[in-house]
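Undergrad: Listed below are the residues making up each chain.
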Amino acid sequence: AQTVTQSQPEMSVQEAETVTLSCTYDTSESDYYLFWYKQPPSRQMILVIRQEAYKQQNATENRFSVNFQKAAKSFSLKISDSQLGDAAMYFCAHQGGSEKLVFGKGTKLTVNP
Amino acid sequence: DTGVSQNPRHKITKRGQNVTFRCDPISEHNRLYWYRQTLGQGPEFLTYFQNEAQLEKSRLLSDRFSAERPKGSFSTLEIQRTEQGDSAMYLCASSLGEVSNQPQHFGDGTRLSIL
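Chains as they are written, first to last, in the numbering used here: chain A, 97 to 209; chain B, 19 to 133.
Note that these hints are calculated values from the structure, not bench results. Yeah, the Cβ is synthetic: ideal placement off N, Cα and C, and Gly gets one too. A few of these clues could be false.
[As the list claims (entries may be wrong)] List of simulated lysine-lysine pairs, DSS-like, C-alpha gap at most 30 Å:
id: 1; chain 1: A; residue 1: 174; chain 2: A; residue 2: 151
id: 2; chain 1: A; residue 1: 201; chain 2: B; residue 2: 89
id: 3; chain 1: B; residue 1: 32; chain 2: B; residue 2: 75
id: 4; chain 1: B; residue 1: 75; chain 2: A; residue 2: 169
id: 5; chain 1: B; residue 1: 89; chain 2: A; residue 2: 169
id: 6; chain 1: A; residue 1: 151; chain 2: A; residue 2: 204
id: 7; chain 1: A; residue 1: 166; chain 2: B; residue 2: 29
id: 8; chain 1: A; residue 1: 204; chain 2: B; residue 2: 89
id: 9; chain 1: B; residue 1: 75; chain 2: B; residue 2: 29
[Claimed, not checked] Sample of chain B residues lacking proximity to chain A, with all beta carbon distances greater than 10 Å (derived):
id: 10; residue: 76
id: 11; residue: 109
id: 12; residue: 133
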């Protein structure tokens with residue numbers, strides 16, 4: 097069974113600074129996808145970024161980028177130029193041959209002005 | 019694109035009662051998923067439909083839980099004889115197409131509180 101571990105329950109960053117959120121996963125599958133989702137307080141889960149495991153190039157979406165280390169089963173999210181609106185719970189998720197997403201427990205990100 | 023819609027947003031009920039939640043996916047999406055999220059945890063998969071066919075069910079989905087998607091459009095999740103442990107946020111998501119691993123788009127969720 098797949099598992100996803102987020103070892104940082106909470107992180108904080110100063111506005112305009114850079115922060116990295118950690119995620120490790122365990123899977124026996126060779127073909128899979130990894131995701132970071134953002135869940136603002138009392139609001140819906142929003143996809144931040146997606147990485148296909150067969151691609152060596154790290155995904156990037158504007159200020160968000162990942163560091164995907166397949167051999168280490170590590171998938172960290174880097175947020176550059178942090179903004180107040182980035183404050184949220186961030187969930188790392190794995191999707192393999194089954195369609196279901198397996199989520200970590202999340203990291204609460206606080207952005208300080 | 020009106021997004022995934024879930025109703026009601028909140029449901030408060032007494033233990034032992036039955037509750038039903040509705041999810042309307044994004045209109046062209048043929049896949050629909052239900053997840054449960056308890057406080058301080060990430061969402062946990064419950065079940066998934068492709069069109070009207072229920073293709074996978076988690077063992078979390080006890081026999082008190084039933085989900086349907088009768089015409090391949092909206093879906094309902096019913097919980098019978100609710101228990102305190104059923105208190106959670108129930109999330110619905112949908113995705114597009116015959117190709118696997120398309121991103122899932124989530125609704126706002128239905129928060130269930132059992133008195």
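Undergrad: Taking the hints in turn, state whether each one holds.
TA: Comparing the hints with the structure gives:
1. A:174 / A:151: Holds, at roughly 18 Å.
2. A:201 / B:89: violated, 34 Å
3. B:32 / B:75: Measuring from Cα to Cα gives roughly 26 Å; hence the hint holds.
4. B:75 / A:169: holds, 27 Å
5. B:89 / A:169: violated, 40 Å
6. A:151 / A:204: With a Cα-Cα distance of about 28 Å, the restraint between residue 151 (chain A) and residue 204 (chain A) holds, given a limit of 30 Å.
7. A:166 / B:29: violated, 42 Å
8. A:204 / B:89: violated, 39 Å
9. B:75 / B:29: holds, 24 Å
10. 76: Answer for residue 76 (chain B): violated, closest chain A Cβ roughly 8 Å.
11. 109: violated, 7 Å
12. 133: holds, 21 Å
Going down the numbered hints, you'll see the structure goes against 2, 5, 7, 8, 10 and 11, while the others check out.
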